[in-house]
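K.L.:
Turn these sequences into a full structure, and let the hints guide you.
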Amino acid sequence: MEERFLKAHGLTVSEYKRIVELIGREPNEVELGVFGALWSEHCSYKSSKPFLKVFPTKAPWVIQGPGENAGVIEIDDKYAVAFKIESHNHPSYIEPFHGAATGVGGIIRDILSMGARPIALMDSLRFGDVRKDGTRKGIKDTKPIVKRVVEGIGFYGNCIGVPTVGGEAVFDEVYAGNPLVNAFCLGILEKDKMFRARATKLGQKLVMVGSSTGRDGIHGATMASAEFSEETESKRPNVQIGDPFFGKRLIECTLEVMDKGLIEGCQDFGAAGLAGSTSEFGSKSKMGVRVYLENVPLREEGMTPYEILLSESQERMLYAVNEENVEEVLKIAKKHGLEAAVIGETTDTGRMEVFYKGEKVADLPISAIVDDAPVYDRPRKEPSYLKEVKSFNQDTLPEKNLLESLEKVLSSPTVAKKSWIYSQYDHEVGTNTVFKPGHDAAVLRLKWAVRPEVKTEKGIAISSDGNGKYVYLDPYEGGKRVVVESVRNVYITGAKPLAITDCLNWGNPENPEIMWQFEQATKGMAEACQKLNTPVISGNVSLYNETVLSDKRINIYPTPIVVAVGVLENVEEAIPSFYQKSGDLVAIVGQVDEKPNVAGSQYLQEVFGIVAGDIGKVDLDTELKLMEFIQKAKKVIKSAHDVSDGGLITALLEPAFKGEGYLGLDLSIETPYRPDFELFDELRSIVVISFEEKDLETIKTIAENLKLGFKVLGKTKEEDNFTLKVNGKEVLNTKISLLKQIYEESLEGLLK
Amino acid sequence: MKFGVAVYPGSNCDYDTYYVIRDILNKDVSFVDYRESNIEKYDCIIVPGGFSFGDYLRPGAIASHTPLTNALKEFTEKGKFVIGICNGFQILTEAHLLPGALLPNNHGRFVCKHQYLKVENNNTPFTKKLKKGEVIKLPIAHHDGNYFVDQDTLKKMEENGQIILRYCDKDGNVTPDSNPNGSVSNIAGVSNDRFNVFGLMPHPERACESLLGLTDGLKLFLSIIEN
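Top line first, the protein sequences correspond to chains Y and C.
Following the working numbering, the numbering of the first sequence begins with 1 at its first residue and continues without gaps.
Following the working numbering, the numbering of the second sequence begins with 1001 at its first residue and continues without gaps.
Where hints are given, some of them may not hold.
To be verified - Subject to a maximum C-alpha distance of 27 Å in a straight line, what follows is the list of computed BS3-like cross-link-like pairs (lysine-lysine): (1) C:K1113 x Y:K735; (2) Y:K638 x C:K1170; (3) Y:K725 x Y:K408.
What the hints assert, rightly or not - Pair ranges (Cβ atoms, derived): (4) Y:E697 x C:H1107: 30 to 40 Å; (5) Y:E382 x C:D1169: 55 to 65 Å; (6) Y:K193 x C:R1058: 51 to 61 Å; (7) Y:E569 x C:D1028: 28 to 38 Å.
Treat the hints as calculated values from the structure; they're not laboratory data.
Where is the CB? At the ideal position from N, CA and C, for every residue including glycine.
P.N.:
Below you can see the structure in the form of structure tokens.
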């Protein structure tokens, strides 16, 4: 077999040899296509698998951990939520609109296949710095990508009727040639009605429902498993096209057949299409599958068996159905205006046998395709850049004008308000969204989120986070921080964090330094998950986020995105991120007396153009104490917001920028350290809270008993004014409305 | 009063509307399938928001040619009530149950936010619990909410009091800056000349509980159930 031919299937010579050994003969072209797709990095996790084992995956509330289409946790004795995050990075650079849209569609179907009604979406986005457009060589401008990605996400989510309740966006030049689009979805289900991707007995019929199959997306999985080069444009036909109208009907049809007890198992068609979903089904059921390709409803003439088997056409689902229910399932699908056909059945052979018009076109042991995929122990080496970036000494920085620095940080696209993005997403459909985008975490009630209606006062809090810069500067501690950040955003609403899902976006795993980052970061994440008791219940890995230019290779920052989910006993008691009224006290709690460190901060990047520093250790014990503090004080805390991007001063200001109004602030801080470091440090575990003056003693006592640092900094007020004193000296006195305007209008100005 | 909530393939605010009528207003309500044409038993049909038939061709265009929409014509001739919210408004204009048309937003983007609205006519079955000139706040979420009607028809509608809601700022000023989509004369909601068909782009069903932030939508529903 020629190497060139193998490369087209994303396979290496040694992988080919392994295939021949496993099946005892040379594979035909269709079979080679199946191996190429299923053994791709995207489907097989061949580089990442060994490292994912470090994640804790169990807790008493975990019903389903990793390995299914989504993880599931219980929220009370009757209901559970299913959730997962997944990447759609490569397609979103090539064709931003449909790349992003199908990312949303795919994750919705993952949730649906667990038997859950999807009720919330989030998106974590990483783009190049829009301010650098027009200056790059060999890499597209960022602005059109941002616009089309946002439009694509909105197009799909808005139409399908699942609200986009939050998310985040970071703009950094390392993502210019390789933007990240990670889509998260959460659904609700009755605990004892969960579905899995498997058949339950031999001879069960495999029914394919949804859209018809076309040539779109063939080799999508192999494309997502290779780096980008300047020829990437030619891969546009590999991107799938999404149709949310089909997606919406697929939701209603699937939930109906599940509700009526007509199907036994469910799997969506994702990467590797029909080959992927039928072999997964066989593997998980420990059965064989027989597939009849001529039964697959097609939308194009003259498709070959190879194309039918590997097409990644969207909006398709596979059901395992007992023979006696087939007719009813087909009828219900037809009622919803969907294509449906029996395309195969389960067998006792353990093989995937594929027929086309009577001829056997593929015959492979399922274990060889799924379980015997290669696993690589890739070489790892500590990156050489680490020593240099860690040796950075912040004391060498000159002191700058504070107001100018503040304006630079507040207006930087990463810190600035993201309403230009989220106003294009319907975030309220379903009428469950209690805390809308702009809060640290989205809060949803669960009442009437599904039919039949849920009767519960409980709510859930969801937050996504992922600071790749920290992971670049210190993979282990950075990995820990990413988990801590998203979990903290959940617990400061008063929710109890229960579990996380992650999407690990990395560069080229064949580069030992990148693989080292991967190993370290996953270990760091695992430590944080263990300590915070938030197991990883689902996730996804996206490697080869690398841009190959004629003169260099650019790898993204190692970027794990973590979405944490927690439960609120009473959703009406959720703590908002914004100050509530004038006259309330503003205080900071946590590591407020620690020495500030501006390593990896927005301040360092925006004001000095430096990405460096030693980010130090994140103290997980402090996090646990802060969590306890919020729980104990939640009845009297009026608002809570954590210190992150933009530092303490940003965290003090953001809660004042509520809705269309604002609250003024008079603040004063005592510190033995340089004021700019004190104000722009992002690394200490600190939560900004507000409360009524009468509750000061109560709150102070709770903080002191937990041995948490606590400082009252001042008060909110009606007037349009912000004053800040450091060690008794006024360092800022400005209109709060002006700062708000800078914060709110910056991103729109850049993207217009 | 018996309510029906229309369900077309792609409707996605059907449950939200149903929930408000049944669980908040405690009124009798059923879903009505788009293939249904026997709607005698209802007093008011609400055509909810969403993307009926995927918004293919034009928003509301395909839904306007279904048995249910056809039946709405006779239904309204009998003086019964029909309310179209967002996509429902688009369907009603496509079906010529309301004047005008809804074009893509002038900025070309979907817009989801809370919007101030001025009550222009409270002497209607849909707004009787509101004051004339009152400023209310409702969510909007649409890509095609840019209301268009020719100048002659607009003049007639204004004379008749068919303009029910206009986009405005928080003080009730109807200004270009407070127009979220380019609608002619900032129009957000209109009625037919018989005042039994009402279409509006904002979503009152999303503004009926303080937990979710806004409650002004309830005033519209409370007006309707009084009829």
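K.L.:
The structure should be examined with respect to each hint, and the outcome stated for every one.
P.N.:
Tested hints:
1. The suggested pairing of C:K1113 with Y:K735 holds, with an alpha-carbon distance near 26 Å, which does not exceed 27 Å.
2. Annotation: proposed proximity of Y:K638 to C:K1170 holds, straight-line Cα distance about 26 Å (limit 27 Å).
3. Pair hint Y:K725 plus Y:K408 holds up; C-alpha atoms about 20 Å apart against a cutoff of 27 Å.
4. About 51 Å separates the C-beta atoms of Y:E697 and C:H1107, a value inconsistent with the hinted range of 30 to 40 Å.
5. The hinted window of 55 to 65 Å between Y:E382 and C:D1169 holds, with their beta carbons roughly 58 Å apart.
6. Range check, Y:K193 to C:R1058: about 39 Å between beta-carbon atoms, so the 51 to 61 Å window is missed.
7. A hinted range of 28 to 38 Å for the beta carbons of Y:E569 and C:D1028 is consistent with their spacing of about 34 Å.
Violated hints, listed in ascending order, are 4 and 6; each of the other numbered hints is respected by the structure.
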